[in-house]
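2 protein chains.
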Amino acid sequence: MKAKVHITLKSGVLDPQGKAVQHALSSLGFAGVDNVRQGKFIEMTVAETDPVVAKATVEQMCKSLLANTVIENYSVELEV
Amino acid sequence: MKAKVHITLKSGVLDPQGKAVQHALSSLGFAGVDNVRQGKFIEMTVAETDPVVAKATVEQMCKSLLANTVIENYSVELEV
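The listed protein sequences correspond, in order, to chains A and B. Each step along the first sequence adds one to the number in my numbering, with nothing skipped, and position 33 is 15. Each step along the second sequence adds one to the number in my numbering, with nothing skipped, and position 71 is 53.
I should point out that these hints are in silico values taken from the structure, not numbers from a laboratory. Hints are supplied without guarantee of correctness; some may be wrong.
Same chains, same names: a pair is fine if it fits in one copy or spans any two.
As the list claims (entries may be wrong) - Straight-line C-alpha distance at most 25 Å; calculated DMTMM-like pairs for lysine to aspartate or glutamate:
| hint | residue 1 | residue 2 |
| --- | --- | --- |
| 1 | Lys22 | Glu61 |
| 2 | Lys(-8) | Asp16 |
| 3 | Lys37 | Glu54 |
| 4 | Lys1 | Glu41 |
| 5 | Lys1 | Glu61 |
| 6 | Lys1 | Glu30 |
| 7 | Lys22 | Glu54 |
| 8 | Lys(-8) | Asp32 |
| 9 | Lys37 | Asp16 |
| 10 | Lys(-14) | Glu30 |
Please build the complete structure, drawing on both the sequences and the hints.
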């Protein structure tokens, strides 16, 4: 089963990387771009076949390794 | 209009960051995890209101700045 994880900075947390991208886009002539936020996207294959168990396992991975839950949110999607 | 951009490594391109995550997950006791690939997820607000023009503009941003098209794929989703 394929799992897709999005890890994004919580709103209110400063995102200097996003600001740098926004500034670079504006220097390249792209106008009207705002609120650029950069996060991580992780894809993986899990051997578990029960979607409920698989989702719980991947959420546990987020809590223990993939995301810093003090400043980041995570969301897990499964693709059967 | 909100745009979400996924930037992923092309298949066949080595992903040492994904490998490191996979190894760390296995060290933490998560079994059966494979093919971990890490990409980028960028959210932004664009002032353009025509979805067709907005998508074309964001794809142009991907080509010129956000993605390295030699080794990375990008996909753009718009949220009206």
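Verification of the supplied hints:
1. Lys22 to Glu61: For lysine 22 and glutamate 61, the Cα distance is within 25 Å both inside one copy (18 Å) and across copies (19 Å).
2. Lys(-8) to Asp16: within (17 Å within a copy, 28 Å between copies)
3. Lys37 to Glu54: Within one copy only: 18 Å inside, 27 Å across.
4. Lys1 to Glu41: between (29 Å within a copy, 19 Å between copies)
5. Lys1 to Glu61: The answer is between: 21 Å across copies meets 25 Å, while 32 Å in one copy does not.
6. Lys1 to Glu30: This pair counts as between: shortest inter-copy Cα distance 20 Å, intra-copy 39 Å.
7. Lys22 to Glu54: both (10 Å within a copy, 14 Å between copies)
8. Lys(-8) to Asp32: So lysine -8 and aspartate 32 fail the 25 Å test inside a copy (30 Å) and across (29 Å) alike.
9. Lys37 to Asp16: between (33 Å within a copy, 15 Å between copies)
10. Lys(-14) to Glu30: Only inside one copy: lysine -14 and glutamate 30 sit 14 Å apart there, 29 Å across copies, limit 25 Å.
The structure is inconsistent with hint 8 alone, although it conforms to all the rest.
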